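*Asks:* Sequence:
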Amino acid sequence: MAASNRRSRPAAGTAVETQALVSKVLTMQADAGLTIAMRMPILLQGALGDTRGQREAAKAVTEKVSAVMESGFAASQAVGLFWWGMALNPLAQVDIAEAAAKAANSALEPFSKRTRANAARLSGRKRR
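Just so we're aligned: the sequence shown equals residues 15 to 142 in this note's numbering.
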């Protein structure tokens with residue numbers, strides 16, 4: 015069998031999406047660590063009966079549930095858009111890795127937004 019002379023198309027889109035995903039994950043890790051460190055004393059006070067700590071615990075649970083719901087919707091939308099694009103234009107060259115990175119990026123966005131907001135709120139710094 016002869017070797018193919020076809021060159022693969024550049025993976026610039028995939029690289030950009032992957033880099034954005036990695037950047038988002040690393041930023042989330044830093045903000046999550048800060049949020050946990052700042053939230054633990056407040057939650058401990060809530061366990062001892064302080065109303066501010068109990069409100070913070072309720073807020074944390076509510077935020078996590080809503081982030082999971084938003085993330086599920088965002089991932090479903092990204093995957094749905096990919097499949098609709100495939101159905102409507104089956105001959106197009108599609109980069110599945112780029113589509114997967116876009117889906118992961120959109121699924122992480124609700125968590126990233128809340129993590130960044132909590133770190134800013136609890137540390138007293140301004141949000142970007």
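Where hints are given, some of them may not hold.
Unchecked claim - What follows is a list of derived Cβ distance ranges for each label pair: (1) Met52 / Asp109: 34 to 44 Å; (2) Met52 / Leu105: 51 to 61 Å; (3) Ala71 / Val39: 33 to 43 Å; (4) Glu77 / Ala44: 10 to 20 Å; (5) Met54 / Phe87: 37 to 47 Å; (6) Ala101 / Ser137: 41 to 51 Å; (7) Ala61 / Met100: 30 to 40 Å; (8) Gly27 / Leu58: 42 to 52 Å; (9) Leu57 / Gln33: 27 to 37 Å; (10) Met100 / Thr65: 45 to 55 Å; (11) Gln59 / Ser90: 33 to 43 Å.
Keep in mind the hints are simulated off the structure, nothing from the lab.
Values in this document were obtained by computation on a predicted structure and should not be read as measured data.
Even glycine gets a Cβ: it sits at the ideal position worked out from N, Cα and C.
*Asks:* State for each hint whether it applies.
*Replies:* Hint check results:
1. Between Met52 and Asp109 the CB atoms are about 40 Å apart, so this pair conforms to the stated range of 34 to 44 Å.
2. Met52 and Leu105 have their C-beta atoms about 53 Å apart, which keeps the hinted 51 to 61 Å range intact.
3. Between Ala71 and Val39 the C-beta distance comes to about 26 Å, which lies outside the given range of 33 to 43 Å.
4. Separated by about 18 Å at the C-beta atoms, Glu77 and Ala44 satisfy the suggested range of 10 to 20 Å.
5. Judged by the Cβ atoms, the range 37 to 47 Å given for Met54 and Phe87 is violated: they are separated by roughly 30 Å.
6. A hinted range of 41 to 51 Å holds for the C-beta pair Ala101 and Ser137, which are about 46 Å apart.
7. For the hinted restraint 30 to 40 Å between Ala61 and Met100, the CB-CB distance of approximately 51 Å leaves it violated.
8. Between Gly27 and Leu58 the beta carbons are some 47 Å apart, a value that agrees with the proposed interval 42 to 52 Å.
9. Distance hint for Leu57 and Gln33: a CB-CB separation of about 35 Å, consistent with the stated range 27 to 37 Å.
10. Remark: the range hint 45 to 55 Å for Met100 to Thr65 is upheld by a beta-carbon distance near 53 Å.
11. Between Gln59 and Ser90, the C-beta spacing of about 39 Å keeps the proposed range 33 to 43 Å intact.
In summary, the structure is inconsistent with hints 3, 5, 7 from the numbered list given earlier, while agreeing with the others.
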